[in-house]
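Put together the whole structure using the sequences plus the hints.
Single-letter residue listing:
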Amino acid sequence: MKALISSLLALSAVVSPSTTPTDQIFPAMKDEMARSISRLKLESHQAPYYIGYTVHDTDSVSLGATFGALTDDSRDHGRTLSVDVRIGDYKLDSASGSSEAGDIFSSPRFFGSSSISVDDNYDTMRRELWLRTDAAYKQAIEGLESKKTYLKQNTVEDRPDSFSHETSVVTLQPTEILEIDTTKWAANLRDLTATFKSRPMIRSSQASLAALADNHWFLNSEGFQNRIGEKAYMLTISAQAQSADGMHFSDQELFPAYTEKELPKLEELKKHATDLCDRLEKLASAPKVDDYRGPVLFEGQAGAQLFHQVLEPKLARSASDMRRMLGTDMSEKLGQRILPKFIDVVDDPNAKTYDGKPLFGYYEVDEDGLKGQKITLVEKGILKTLCMSRIPTRTIARSNGHGKRSGSATSNIFINSDHKLSAEALKARLLELGKEEGLKDVYIARRITGNASDLDFSNLQSFFKAFMSGSSGVSLYPPVLLYKVSVADGTEQLMRGGNFSNISMRLLRDIDATGNDVKAYAVQNSREITSIVSPSVLVSEVEIQKPDKTNTKSPILKNPNFDK
Amino acid sequence: MIAKRLCTLLSVLGALTLTIGPSNASDDVVLHAMQKELNRSFTKLKKDDGEANLYFLAYRLYDTHSIEISADYGGLTSDKPESHKRVLDIEVRVGSPKIDNTHQTRGGGLHSGDFMSSRTAIPLDDDEAALRTTLWERTDAAYKAAQADYQKVLTNRDVRIAEEDNSDDFSKEKPSVYIGKPIEMDVDRTLWEDRLRKLSAIYKSYPNIKSSMVRFSASKTRRYLVTSEGTTIEDDRVQYRIYTIADATADDGMRVWLYDGVEAPTRTDLPDQEKLEAMVRKVAASVEALRVAKAAEPFAGPAILQAKSAGVYFHEIFGHRIEGHRQKDEGEGRTFTKLIGKEVMPTFITVVDDPLKERIGNKALNGYYLYDDEGVPAQKAVLVDKGILKGYLMERSPIKGFPNSNGHGRGSPGSKPVARQANLTVDSSKRVPYATLREQLIAEVKRQGKPYGLVFDEIAGGFTMTQAFMPQVFKLKPLRVWRVYPDGRPDELLRGVDLVGTPLTSLERILGAADDDDVFNGTCGAESGWVPVSAISPSLLVQTIEVERNIKEQDKPPVLPPPDRDPQGKSGKSSNAAETKVDAAQNKADAAETKTEPAGDKKSKAGDKKNQAAEESK
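Here the protein sequences line up with chains A and B, keeping their order.
For what it's worth, this note's numbering labels the leading residue of the first sequence as 1, then goes sequentially.
For what it's worth, this note's numbering labels the leading residue of the second sequence as 1001, then goes sequentially.
The hints are simulated quantities; they were obtained by calculation from the structure and are not laboratory data.
All C-beta atoms in this analysis are idealised placements derived from N, C-alpha and C, irrespective of residue type, glycine included.
Honestly, I wouldn't trust all of these hints.
[Claimed, not checked] If you anchor each label on the Cβ, the simulated ranges turn out as follows: (1) 1043/B <-> 264/A: 36 to 46 Å; (2) 1087/B <-> 549/A: 29 to 39 Å; (3) 148/A <-> 1567/B: 34 to 44 Å.
Right, here's the structure in full:
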């Protein structure tokens, strides 16, 4: 989630002086760029063919509480500058190369960003731009040389261009100001976490609220000019419990919002906290799961997480230039079937809501300054294209407005299915598959851990064990709510401690049917929140691994507040 | 928008201000919560069967409010309100004072980490239930780690030969009870922001300075310490700091830089704006001078370490090697371990470390405190008396012949305290005026038949390696070094000098001292984190000092001149095909936005002058 724009008329003249400050950033950028593009040149080396400047002004508030008391109350306001200087040409340029040969295949050394003055001060801004441009130019010279050396020693078939040609975009939005009533929210978080005081089974619990206003300025030598203002809020409630045999359980609930008003009310949050505690308490006394291989129904949030964790990472691309030349990514697999025929996958950064609920992957322009485009990634199960930035692949030459996080990223993902069953029919189909396999029980996953940070240390260990048992570089975090279902009569029993193992892309092709319960879910994509609109999914074969035998012991003493 | 942003920030600040100040009543909640949980844990964990005996438990909680303002070239670089943080350290000792879980395991045995500590946040509110919950979680983790460590210690002792020093692991000390007077931190944020903008803008008149910064910080730390022995300490420490740093690139690519700053315990100890401006100007001018100075060459010969440099020199080559715990750590070089009663430096030199000394003249000392982080009252430690080694800096880890602490156990919030320097003071019974010392240097140059001698007048700090597997050497980072010629030629500034040597020989070669004692206030980093320290010394004449050329960076100076000194590029008005293209698109863009005039050099300078005048008239 990044953008919040109250109206799409950003280019119009509605920009009032009260919301848009006297902008010293663009004048300084323009002046330094003009001078650099014409005169920045070292003898015996080329002058830059491209310069791009990005300034981010980020104002954020972070609040946290546990057990009725505040643990975090901080505010941060800073600015960063990234300078992208490229020498060479669109076909072969200096970007992402490096001076050390050993670095070539490691993660991309992006041009990086440095913190700059928060004052709207032309002189300070110019000076930062000057020094960063100079450093980036020198790095570009080394980058291009190392690429040329590599190409002298290696042959690279059908080498893709370094940078795509695009038409310039100018979008000027008003800047956003962070709005947050910290006193009220501090009180809310205290109140919310105080509810855990009546829960001796819950070992620890937290609630936090992060609020952010991010304004960014982008200018490049091709005529792109963007000023984008965005706001984001995120409230999180999490809790951890431990069963008598020492097994850890943790879960969290995310409440993203574009405005402070859209955040849930305290009473609603308390209800969620209660549900969270109930869930963890039930889990702590549930029986342990056994090794299993067979059909699994991923219901609701679990279905969305399945697509988010297994499919989504494959639909976007890392920024590394040299790795791309090795031809190992999904762009080489266009035209291949990766899902059953009845599923289409669409990515639409322009969508703001689904079924009246906000979508958090919305943006107007991407980090390259291009308009986000709605694209069909998978059609009738066949991979058609990928989310693209301005870094071309052998098979895709142009950006589709998905340049994010130094590479490309998904925005709002829509899973569209032609084979939709009602909840009853889906469960019946699950039992039928179980019967065919001669199984006594099958499984339904109703909730899957959404993020590694939710995992406790010991959970993380067993997750890695299960992950290492597979080999495909695809993973699925452990289920939180996993139910064993009797094939004979359909009765359900909550189980604990399972891990998915041997997860691969194959899982997606084994999708048997989907539900008719399409809903929007917020998911954590790196450090940002995006959305996925997905139905429940029935997969014909999934492996579940039983929990580890070793666990850290419970605390020796009771929580002092329950030690009466 | 600026106005609006300021308003929101001010309201946040307002809210925060309510929680600081000397409110003893609410703070007692913290101390009481700590005492209650400590008593419960100590009593109940003791009874756990089959485990090693819990004999000592301590909670240290540090509550810190801090403000940091930085500026660069006339603009503020961050905009953060005051921050409030709490850090907790739990010390658990199981076994017995003779041998416990903290005993050093030889052969690289790592002590168990407390991985829970990163997950349980510490409440900032003075809320007993929440504080005790955190203390309980952390105590449990620390206790389990201590049990695991203790088993390792016992196993390690069984498989290794006896240690050279079989002193106890923990000394017996009388419990201390001390509730200090609350101290207020008093920062006028707007005033300091304004000051920093002005100070950092001074660098605008020095064209060869590449990057520069001025930073002001203030912090107030309230320390709560309770132990199972009955020690109870609650006190405040306030620290103000302002410093500037600037660098430049010499024509051969070498980066030269200088630093200057002031650390002070009260606001009134801080220099006024006029003095601060002079400090910044001096740094700027000195960096410019250094940039064009001669590059150093390897050299060994006589030198004067001016007072502050001499303090740093002693801190590195002597102070770190005299820390008690290093004397029994078999992984350490233990340079001075067996030299008690022996002559380790000229008989006119005496060295003490006295944390109880608050000031020298009107200069506040950074290493001043009443109780160390183990709750032991600070004591003056005599280290060298008339050249003879007399003692060490001691924490509660005894060593052969020294069974007790002398109140030097310190650490940064959250770190296990170890023996650290406080106010290291070098005294000489043989003193001459500085001018005479300089004459003595020239005489020594002639006597040794050297082409020149050296004078070190600025040192940024240094590092020293005390571990046995590293060479027992030190390296100091002198910023300004002068060549002094015996034939009366003017002194010559050098750049790129590194000072190298081995500790014992350096100390034996001190020839004399001046009468110009000065204080180096700084922050010293070691295994227990960063602690404030002072080093006090007169200028010293040393028979032989060895210097080498430092590694130079290869960066060329910037290709284009600084934007404000570029006659052609002031507002990008040069003609170029690429630029025309840019301008076309930009003109279109500008139509939609409120266009502002680029703040010209003249305008901002005029503004500065006006502000300066206003400042002066106050």
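Hints, verified against the model:
1. 1043/B <-> 264/A: 36 to 46 Å: 43 Å, holds
2. 1087/B <-> 549/A: 29 to 39 Å: 36 Å, holds
3. 148/A <-> 1567/B: 34 to 44 Å: Holds - the Cβ-Cβ distance for residue 148/A and residue 1567/B, about 36 Å, lies within 34 to 44 Å.
In this structure, none of the earlier numbered hints is contradicted; all agree with it.
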